[in-house]
Each structure stands twice: as structure tokens, then as C-alpha cells.
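Protein chains in written order, with this note's numbering: chain A, 1 to 380; chain B, 1 to 404.
Among the hints, erroneous ones may be present.
[Stated by the list, open to error] If you anchor each label on the Cβ, the simulated ranges turn out as follows:
(1) A:M288 <-> B:G68: 44 to 50 Å
(2) A:G270 <-> B:A286: 42 to 48 Å
(3) B:L157 <-> A:Q21: 43 to 49 Å
(4) A:E344 <-> B:L157: 29 to 35 Å
(5) B:E34 <-> A:K31: 27 to 33 Å
(6) B:K198 <-> A:M288: 33 to 39 Å
(7) B:I208 <-> A:E50: 33 to 39 Å
(8) B:I208 <-> A:D306: 44 to 50 Å
(9) A:A179 <-> B:D9: 54 to 60 Å
Bear in mind the hints are in silico, worked out from the structure with no lab data behind them.
None of these values were measured; they are calculated from a predicted model.
Positions of the beta carbon are idealized from the N, C-alpha and C atoms, including for glycine.
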Amino acid sequence: MDFNFTEEQSMLRDTVTSFLQDRYAFDQRQKMIGSEAGRDPAIWASFANELGILGAPFSEEMGGLGGGAIENMIVMEEFGKALVVEPYIGTVVIGGGFLKHSAYAGAADVIGGIIEGKVIIAFAYAEPQGRYTWSDLKTTAKKDGAGWVLNGHKAVVVGAPWATHLIVTARTGGGQRDADGVSVFIVDKSAKGVVTRDYPTVDGQRASEVYFENVAVGADALIGDEGKALPLVNKVIDEATAATCAEAVGAMRKLHEGTLDYARQRKQFGVPIASFQVLQHRMVDMFMNVEQAVSMTYMANIKVDDDAERAKAVSAAKVQIGKACKFVGQNAIQIHGGMGMTDELAIGHYFKRATMIEGLFGSVDHHLRRYEGLSFGKAA
Amino acid sequence: MNLEFSSEDLAFRDEVRSFIAQNYPESLRGKQDEGDDLAKEDYLAWHKVLAKKGWVAPSWPKEWGGTGWTSTQKYIFSEETARADALPVLPFGVAMVAPVIYTFGTQAQKDRFLPKIYNGEEWWCQGYSEPGAGSDLANVKTKAERITGDDGKEYYLVNGQKTWTTLAQYADWGFFLVRTDPDAKIQSGISFLLIDMKSPGIEVRPIITMDGGHEVNEVWLDNVKVPVENRVFEENKGWTCAKFLLAHERSGIAGVARSKRGVERVREMATTELGDDGAPLIQDPAFKRKVAELEIDLTALEFTELRTLASESAGKGPGPESSLLKIKGTEIQQRLTELALEAAGHYGAPYFRGFPQDGDNMHPIGPDYAHRTAPNYFNTRKTSIYGGSNEIQRNIIAKMVLGL
Chain A
1 MDFNFTEEQS MLRDTVTSFL QDRYAFDQRQ KMIGSEAGRD PAIWASFANE LGILGAPFSE
61 EMGGLGGGAI ENMIVMEEFG KALVVEPYIG TVVIGGGFLK HSAYAGAADV IGGIIEGKVI
121 IAFAYAEPQG RYTWSDLKTT AKKDGAGWVL NGHKAVVVGA PWATHLIVTA RTGGGQRDAD
181 GVSVFIVDKS AKGVVTRDYP TVDGQRASEV YFENVAVGAD ALIGDEGKAL PLVNKVIDEA
241 TAATCAEAVG AMRKLHEGTL DYARQRKQFG VPIASFQVLQ HRMVDMFMNV EQAVSMTYMA
301 NIKVDDDAER AKAVSAAKVQ IGKACKFVGQ NAIQIHGGMG MTDELAIGHY FKRATMIEGL
361 FGSVDHHLRR YEGLSFGKAA
Chain B
1 MNLEFSSEDL AFRDEVRSFI AQNYPESLRG KQDEGDDLAK EDYLAWHKVL AKKGWVAPSW
61 PKEWGGTGWT STQKYIFSEE TARADALPVL PFGVAMVAPV IYTFGTQAQK DRFLPKIYNG
121 EEWWCQGYSE PGAGSDLANV KTKAERITGD DGKEYYLVNG QKTWTTLAQY ADWGFFLVRT
181 DPDAKIQSGI SFLLIDMKSP GIEVRPIITM DGGHEVNEVW LDNVKVPVEN RVFEENKGWT
241 CAKFLLAHER SGIAGVARSK RGVERVREMA TTELGDDGAP LIQDPAFKRK VAELEIDLTA
301 LEFTELRTLA SESAGKGPGP ESSLLKIKGT EIQQRLTELA LEAAGHYGAP YFRGFPQDGD
361 NMHPIGPDYA HRTAPNYFNT RKTSIYGGSN EIQRNIIAKM VLGL
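Please build the complete structure, drawing on both the sequences and the hints.
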């Protein structure tokens, strides 16, 4: 039994923390997300060149730091504390996940590009009709000679405006919702027929509607087995979910800390509002929510490499995190009063991010149902 | 015990319903459906239609334009306007300052202000909250000193800052709580002033809320000269007006009729949206259960409100029990926005305010009904904070109702 981080892991955390304190303070962040591009590419370049964190979960042979899920968890918790919008999950966790877990021939090259900061990946998986059923695909890939032709519409592809590549789920066979017939492709975003409509999101990220209009790709675009990729998709989304739980933990720690600070300073009726028992109990409940979320995030990231336990562990964690995000976020705003409603204070921005994480990669209801299916033997 | 409306009431309901159907401004309907930000004229468009009809201020005394409706008729009217998604008449003039003026004001004040409020010619804002005083409303720091002007007339010289002032950017007039006696106990020494928002020394600064909207403002007062005749009621007795106004603010805060419409809207969304199994979301047992629970809570609130209404018609004013309506009403409003955001799924995320309208209809960004779900959710968090936070409301019930 050991919940301590290794020396290397602690160093990784310290490196990320001090970089973000220096370069990603709240006002700096607001300036970046308010710019036309919605980010400062110099940050990503620094992740690659100064910090080397884009290689955190890749083996040393591939040029990485030799870590895995725990390293992703550490990075994402710190990102959550600073509300970082950089596409680490899309590129490193999801892109990296697909490349590591498949026998993709070009994996070494693409991973090399990721570690150098030159390849940015966005994951085009959700569709307007599919909610959180990842096999519900109207996007199709049809055989055309040696290659494929893609058609379809992907919803709210986070990070797509910044991406060099898209990883796309598409149907190569079977009916619209079948487990069989799901395939995964990597597509150059500049490929002919890729049409994007870019927009900001309510939590300060950028995303796109991505339309594939007769996009022709080569045989080498296929990642994993043709028509048999759903287990791979589920595995990678579980890894991304576990990393997102860590981001939520970072955001919730700030929501809780910020609320304690505010309650100690803010006076009403001549005394700090922290002295009111009803608010003390509320802040204690927030604290317990955060601690339970931390525990579940550790649990999920420890078990995420074990295919027998992964799905249940991740769904359990996401249920806990989804509920905690709502409770901690709403009460942080409530205890801040009118000030919590303003765009000026950071607290509302943490609340918005925490709210969006509630639904990301599946809502509380979705993961509860999946957990029930796995735990009670009913098909999920 | 009787729930049935009389045939007169039913006839009245039909009259209201058909009036709204025939007279509600089309342009406003369009903007509301699109979730667009509203301009000053938009807020006033429906107000002016109602004023012309004589229905803009049902609760006022008849001599000033009140309708003389029974409590039941007023209830029917607010049900029908909510049912039709009519924009509510802004409360600051009609429902807040006007009752103070016709209850405590001088004849000159009534003549000067009430007709222009009625007709929507003058827009009002509320100068209550201060940076250091939210729910602790009596903690007024903005001070007003008596001076004699160069013209030999008496004035108050007002200095201080108000905050969370809703839609002050459009206001012609504001009603302000100011401290006229710095040495008095906290709730004494306050006066109630009507201030021309175009007076020199007033500056309105926007506060942008986390949903991106500009609804509230800071109002700075720097040596603002206010004629003494613009004080309502006695000097240092403004807290009487403030308390009276707060009671008015609370009645109707339950928002039952609008929440009923909100439930319908969530149900409509969830009929179009698909759940995880590919069937309409409204058939998803977990989602359906949450909507059912909300409907049941809303029914309980509705009947609690009707009981309050019945005792009001029997002559008892809205008492501290109205805190219950505020708490449950706002909690239900908030849960509705949670369910709407949840129903929107992935399309809760895109942010449309200020987004360039490039007219690209070939590549839509989700369904129209999803566009405002997240901003509405964020914005509606305010309801458990304003008008006396829900914690304060619970204190009121504990002290005033339960005697604890």
C-alpha cells in the first residue's frame, strides 16, 4: 500500500505548478482565451521544449518520460487548478492512447511529433444524435480502392480549431448503433473536404463542428482493426475520463480554497460569514466532497491500466466527480454571493469548467447506468 | 375547500388569453425564441401594450390605474402571461417604487411619478445593495447631507456607491437608500430618495456576470445634489419604506407559472433529444424520474402559494411565510436550468454571445433550444442569492415563523 508519489512524479508536479504560476496566472489566462486564437501557442511550445511534459505518458524509447496514467493525473490536476485550456487530453492522453494501444504503423512518428509539440490532436467522436453512446455513429468510412472516404458530422470537437490532426470514429459496417463496425481513423485536418465551424465554449475552450464531406484518406489512416475498434475507443475514453477527473479535482480544490478565503474575509452583520454555522457545515460538506473526489480519482487512475477493472472503476469515479462538481461549484458561488456571479472573479470560471466536466465523457446518469450494468450483470 | 374557478373567472381567463395571443409583439417573440440579448425598447414593448389596455399595474389603487381585480384574477393573469412566455413587466417601477410612492409619497410625488411609471415613459432602477452590504441590507454607507444650494433651495448631497443595480444602464430614475443620520442605530437614520439618474456626479459602471451578460451595474454617486422634495416619507424613516418594499418584492417570487412553463420546455427538449439508448430522452428512466420529482415539488409549491393567496384575500398580508415561497421557488428555477443543460448534452457547451453570425446555415451548431442552456444555468444561480439570500430567508422563517 503506497499513496506516495515517486521523486520523479513530485518533480513533475512542481515543474508544472511553478510554470503555471509564472505563465498562467488567472489574468494571463483570461488574456489568452480572449485573444482571437483563444490560446497562446507559446505555452504549448514551452510544455514541449522547456518542461518536456508532452512526453509524460510515453516510453523512454519513444522519447517520452516513461510514465503513464499517474503522470497524466498529476499534470491534469495542476491544469485544473490553473484552468489551462491547452489540448493535453486530446493530444497526449487520447491521441497518445490510440497510438500506444494499437499496432498503428505510423505511431512512432506521430508520437515524436506530439512530444515535440508539433502535432496537436482533437478527438472527433461525439455525434449530434448519439449522446454518450460512442458506437452510435452516422459518420461513415467507405472503402475506396486502398483507402477510405469519410462522410459525416461530429459535434463539439474540443480543441479542433488548434488541431493539426483529427482522430475520428466512423462506421465501416453494421447498423447505426452496433458495437461491430466501429473503426478509427487519423485524418490531417487540412485534408480536402474537412469543413469546420469554430466557436468558443462557455468554459473558455475552443471547439468546432466538424463536417467530413467526401474526405479521402489512405489505407494508413486506419488505427486499430477495421470494424473492431469499439473496445479500443472505450479504453481510450476511459483513460481520458480518468485524467479529466484529475482536472476536476484541481478545479474543485480551488473552488473550496477560494470559498474558505472569501468566507473568512467577507463580513455581514459585523462578523465574518465564516463564523455562521450553517456556512461552516456547507464548507465542511464541500471539503468532504473534494476529498472523496480525490480518492476516487486516485482509484480510477491506479486501475485504468487493468482492462478487467477499468470500466467499472472509471465510471464509479466519474459519478463521484460529477456530483462533487455540482455540489462544490454551486456552493462556492452561493457563499461568494453576488461576487461569485461576476466574470471578474476567478471563482465563476472554475464553476463553469467544473459544470462542463459534469457532462464530459458521460453524465452522472450515464456512468451510473454503466456501473450498474457492470456491477449487477445487466448489459450496459 | 374548493379549487374550481367560477364561470366569471373562466371568462376572464379566456379574455386574457386571447388578448395576449392577439397583441403580443411579434418582434419580441422572435428575439426571445432566438435567445438574443434584449434592447431597452424590447423590455418596454409589451409594457406599453399592457399600459394601453390598462393592465400593466393590476395591484395599484384604481385611481392610479389599478384594475381592481380579485386575487384570483391577478393569479389568472400572471398564469396566462407566463404560459404565453410573455416577457415579465420589469418590477423596479411598477412593482417596487410605485407602491412606496402611492403608500408613503406626497401628492406631488404621486402626480409626478406614477403616470410615467405606468406608461413606461420612465425607467427605474433600485439603489439598495452596497459593496459591503448584500443580505445585510440595513448596513447602508452611502451618505446624504443636507445643504442649501446656490439657489437657496434645500438639497441632499449624496456620496457613496451602490452595486448589483439591475439594468441601471437604461434608467431615468433610481430609488436609493441613503444614510442621513450617521450616529443613529443601523436601521434608523436611513432615508428613501428618488434620484434623477442624469444628475451630475452619477456614474454607472457595468458588471459583467459569468454568463457573459450585462444585467447589473455599479452606481457611483459623487456629490450628487438631490432636491429635498425627492425624499419619500420622513427623514431617517426610510427603513419603513425599504421593509414595505421588500415584502412586495417577495410576493410573486415563487414564479410558479413560469416554472410550469419551464417544465413544459424541458419536456419538449427531452422529447426531441435522444438518450443513451437512442430513444427520446424523456423515456430515459433516470431523466424522467428527475422531471417527475421536479413536477411534484412544483405542485406542492403551487398549492402552498394558493394557500397564501387565499389568506391574502382574507385580509392577511404576505408575512414571513413568503420566505418559503422564495426558497422553494428559486430552488425549482435552478433545478429546471440544470435539467435543461443536461438535456442539451454536448450542445450545452458552445458559447454564442458575440459569436459572429456568418449565416452559415449548412453547418448548424446544435439545436436552437440548446444555445442558452448553459448561460441560463449559470445566471440562475443568482436567484438563491438576491432578494435576501436563501440562507437569510431560512433565518427569517426560524425567527419569525418558528419563534426560535
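Here's how the hints hold up against the structure:
Between M288 (chain A) and G68 (chain B) the beta carbons are some 55 Å apart, a value that contradicts the proposed interval 44 to 50 Å. A C-beta distance of roughly 46 Å is found between G270 (chain A) and A286 (chain B), which places it inside the suggested range of 42 to 48 Å. For the pair L157 (chain B) and Q21 (chain A), the supplied restraint of 43 to 49 Å holds, since their beta-carbon distance comes to about 47 Å. Here the CB-CB span from E344 (chain A) to L157 (chain B) is close to 30 Å, well matched to the stated 29 to 35 Å.
Checked against the given bound of 27 to 33 Å, the beta carbons of E34 (chain B) and K31 (chain A), roughly 31 Å apart, stay inside it. In this structure, K198 (chain B) and M288 (chain A) break the distance hint of 33 to 39 Å, their C-beta atoms being roughly 53 Å apart. A C-beta distance of roughly 34 Å is found between I208 (chain B) and E50 (chain A), which places it inside the suggested range of 33 to 39 Å. For the hinted restraint 44 to 50 Å between I208 (chain B) and D306 (chain A), the CB-CB distance of approximately 47 Å keeps it satisfied.
A C-beta distance of roughly 58 Å is found between A179 (chain A) and D9 (chain B), which places it inside the suggested range of 54 to 60 Å.
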